[in-house]
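Chemist: Spelled out from the first residue to the last, the chains are:
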Amino acid sequence: MSTNNLGLTLEQSVKYQGRMGQWAWIFHRISGLAVLLFLTVHIVDTSFVYFAPPLYEEALKLYKSVPFGIGEVLLMAAVLYHAANGLRVTLVDFFPQWTTRQREMWVLVWVFFVLTFIPSAYIMGRGILRSIGINVL
Amino acid sequence: MATTVLPNRVTVRKVARRGRPLESYLWFFMRLSGVALLLLAVGHMVMQHIQNDVHDASLEWVLNSRWAFAWIRVWDFALLGLAFIHGLNGLHTVLVDYVHNATAIKIIRTLIVVVGGIILIMGAVAILGAPMPVR
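Chains as they are written, first to last, in my numbering: chain V, 1 to 137; chain D, 138 to 272.
In short, the hints are calculated from the structure, not lab data. Take the hints with a grain of salt, since some may be wrong.
[Said to hold, decoys possible] In silico SDA-like links for lysine to any residue, alpha-carbon gap of 25 Å or less:
{"#": "1", "chain 1": "V", "residue 1": "K64", "chain 2": "D", "residue 2": "A205"}
{"#": "2", "chain 1": "V", "residue 1": "K61", "chain 2": "D", "residue 2": "L163"}
{"#": "3", "chain 1": "V", "residue 1": "K64", "chain 2": "V", "residue 2": "P119"}
{"#": "4", "chain 1": "V", "residue 1": "K64", "chain 2": "D", "residue 2": "K243"}
{"#": "5", "chain 1": "D", "residue 1": "K243", "chain 2": "V", "residue 2": "K61"}
{"#": "6", "chain 1": "V", "residue 1": "K61", "chain 2": "D", "residue 2": "W198"}
{"#": "7", "chain 1": "V", "residue 1": "K61", "chain 2": "D", "residue 2": "V199"}
{"#": "8", "chain 1": "D", "residue 1": "K243", "chain 2": "D", "residue 2": "N226"}
{"#": "9", "chain 1": "V", "residue 1": "K61", "chain 2": "D", "residue 2": "H181"}
[Stated by the list, open to error] Pairwise CB distance ranges, derived in the manner of DEER restraints:
{"#": "10", "chain 1": "D", "residue 1": "G254", "chain 2": "V", "residue 2": "D93", "range": "26 to 32 Å"}
{"#": "11", "chain 1": "V", "residue 1": "M20", "chain 2": "D", "residue 2": "F166", "range": "22 to 28 Å"}
{"#": "12", "chain 1": "D", "residue 1": "G156", "chain 2": "V", "residue 2": "E58", "range": "48 to 54 Å"}
{"#": "13", "chain 1": "V", "residue 1": "L33", "chain 2": "D", "residue 2": "V172", "range": "16 to 22 Å"}
{"#": "14", "chain 1": "V", "residue 1": "I30", "chain 2": "D", "residue 2": "V271", "range": "21 to 27 Å"}
{"#": "15", "chain 1": "D", "residue 1": "G156", "chain 2": "V", "residue 2": "A52", "range": "40 to 46 Å"}
{"#": "16", "chain 1": "V", "residue 1": "V107", "chain 2": "D", "residue 2": "V149", "range": "27 to 33 Å"}
{"#": "17", "chain 1": "V", "residue 1": "A52", "chain 2": "D", "residue 2": "V251", "range": "38 to 44 Å"}
{"#": "18", "chain 1": "D", "residue 1": "T247", "chain 2": "V", "residue 2": "R126", "range": "24 to 30 Å"}
{"#": "19", "chain 1": "D", "residue 1": "L248", "chain 2": "V", "residue 2": "P67", "range": "25 to 31 Å"}
These numbers were taken from a predicted model, which means no experiment stands behind them. All C-beta atoms in this analysis are idealised placements derived from N, C-alpha and C, irrespective of residue type, glycine included.
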């Protein structure tokens, strides 16, 4: 038995076996925290446009680097999943009769995610490759 | 707190009505802002990463091609407020799930409000204060 809350949570999360709903919840938390981390950095760097323009140009150089580019593809994934799953949660909250269609809604979340993320990742990945001199279609 | 026994076995107990707790308003805010962010946040990602490419961005581009339009400043202002408060409240929800010490929770809440507030004001001042391009 773990003695601290986080350890206990992780331990029980593995044991709980809540299947679909538990995965939806875990992904929602992780994607939400990831977006908040990026958003906090992004608000501060964008405020440099007003407070310190030369520093903004420096921040942009960082954004145009390959690791940051890959991070932005992951950010896109987090935003798209969080949007789709958040809409599912909201719909079930306001239309309780839909709780009987949870499985279908969970499938729809992933259909939306795949249909929107794959073209986005392709376009963003193409931009990253172009920035290092590799031109793809 | 009067208990009235009505004829025919129905018991009605009157309890004092209490106001809605802040948590219930925050619950509603999360759904409402979440729906707005479907357009604002996903739309922002599409504009910045699909329609445009970050590799073409520059200070001039932000000032002349984005913030030169009032509607984009309105969009960014709404996005800033809704997304950041939505995110900070989400962070609070996650943290109080794992931290149960009352003093620690108070410190966390204070930090979220103060640090979040400063960053929010920085962003708001930049969006509203950045100069319009000279035509």
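Chemist: Each hint needs a verdict: does it hold in this structure or not?
Modeler: Hint by hint, here is what the structure shows:
no.	hint	in the structure
1	K64/V with A205/D	holds, 23 Å
2	K61/V with L163/D	violated, 38 Å
3	K64/V with P119/V	holds, 20 Å
4	K64/V with K243/D	violated, 39 Å
5	K243/D with K61/V	violated, 39 Å
6	K61/V with W198/D	holds, 14 Å
7	K61/V with V199/D	holds, 14 Å
8	K243/D with N226/D	holds, 14 Å
9	K61/V with H181/D	holds, 20 Å
10	G254/D with D93/V: 26 to 32 Å	holds, 28 Å
11	M20/V with F166/D: 22 to 28 Å	holds, 26 Å
12	G156/D with E58/V: 48 to 54 Å	holds, 49 Å
13	L33/V with V172/D: 16 to 22 Å	holds, 21 Å
14	I30/V with V271/D: 21 to 27 Å	violated, 45 Å
15	G156/D with A52/V: 40 to 46 Å	holds, 45 Å
16	V107/V with V149/D: 27 to 33 Å	violated, 46 Å
17	A52/V with V251/D: 38 to 44 Å	violated, 22 Å
18	T247/D with R126/V: 24 to 30 Å	violated, 45 Å
19	L248/D with P67/V: 25 to 31 Å	holds, 29 Å
In this structure, the earlier hints numbered 2, 4, 5, 14, 16, 17, 18 are contradicted, and the remaining ones agree with it.
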